[in-house]
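Note that the sequence shown covers residues 6 to 243 in my numbering.
It is worth saying that the hints were derived from the structure and are not from the lab.
It should be emphasised that the depicted structure is a prediction, and the values quoted were computed from it without experimental measurement.
You can take every hint at face value.
Below, computed lysine to aspartate or glutamate pairings styled on EDC-like, alpha-carbon distance capped at 20 angstroms:
1) K171 x E155
2) K238 x E155
3) K171 x D183
4) K232 x E176
5) K171 x D111
6) K7 x D50
7) K232 x E201
8) K243 x D88
9) K7 x E55
10) K243 x E90
11) K238 x D210
12) K7 x D27
13) K238 x E167
14) K227 x E176
15) K227 x E167
16) K238 x D213
17) K171 x D229
18) K7 x E48
Computed beta-carbon distance windows for the label pairs:
19) I15 x T118: 46 to 56 angstroms
20) V83 x D213: 23 to 33 angstroms
21) G216 x I18: 42 to 52 angstroms
22) H199 x N62: 37 to 47 angstroms
23) V217 x G34: 34 to 44 angstroms
The C-beta atom is built at its ideal place from N, Cα and C for all residues, glycine as well.
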Amino acid sequence: YKVYRDGVEIFEIFDPNELTYDDLCLNGGTYEYWVTAVYDNGESDPSNAEEVTVVLNPPQNVSAIVQGWNNVFITWDVPATRDLEYYNIYRNGDLIGNVTSTFYLDVGLEAGTYTYNITAVYCGGWESEFSSNNIVYVDVGDTPIPLVTELNGNYPNPFNPETSIKFALNEAGQVRIDVFNLKGQHVRTVVNEHLEASYHSVVWDGKDTNGVNVSSGVYFYKMDAGKYTSTKKMILMK
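Let the hints inform the model, and build the full structure from the sequences given.
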C-alpha cells in the first residue's frame with residue numbers, strides 16, 4: 006500500500022496484512038489522506054479521500070497572581086491532547102522562558118502591568134496558539150512584610166519534575182534550605198544566601214548536587230533562618 010497526504014506519498018507499507026498507519030508530529034491544520042494498493046502490474050486508483058483536522062490546543066485555566074512584592078506566580082492545566090514537549094511563557098508578548106512543569110515564577114519585576122500567555126509546544130516542535138490573557142499589576146511600593154518567618158510548603162506536591170518551595174521572612178538574614186532523601190542523606194542545597202524580609206520562592210528541579218536526576222520517592226526539605234527551623238515532606242512521582 007501507499008499512503009498519501011495532500012497528494013504527496015508519505016509512506017509505503019509492504020506487508021499486505023498491515024492495514025493501519027500513524028502519521029505523527031503534525032502541525033495544526035486540515036489534511037487530506039488516501040491510500041492505494043500496489044500490485045505486481047501496477048498501482049490502483051486512489052481510495053476515498055478522508056479529511057482530518059489537527060488542533061494544537063493551548064494550556065487551559067491559566068492563572069497569574071502577584072507573589073511577594075515583585076514576583077508573579079503562573080500556573081496552568083495540561084491540554085488534553087497528544088504528547089507535549091514543553092511550554093513557552095510569554096510576558097507582554099515576549100518569550101521569557103520555557104518549562105516542562107505546569108507552573109512558572111517570574112521574579113524581580115518592576116512596578117507595572119503585565120500580560121501573561123502560555124503556549125504548548127508539541128511533538129515536532131509545533132506551537133499552539135496563545136492561552137487567554139492573564140493581566141496582573143505589580144506595585145513594588147506596597148511591599149508586604151510577613152508577620153512571621155515560615156516555611157510555607159511546596160507546589161505542586163506530588164510533583165514531576167519540578168516543584169516550587171515557598172517561604173516567608175519576617176526579617177532579613179541568612180537562609181538555608183536543604184533537601185534530604187528518606188535515609189536522611191543530603192541531596193541538594195537549594196538556598197544558602199542572605200535574603201531580605203519578604204515572601205520568597207525557590208524551584209527544586211529534582212536533581213542532586215551533581216545535576217543528576219533523583220529517583221521517585223519521598224524527600225524532605227529543611228529551612229534554617231536564624232533561630233527558625235522547619236522541615237516538610239514532598240513526593241517526587243515520575
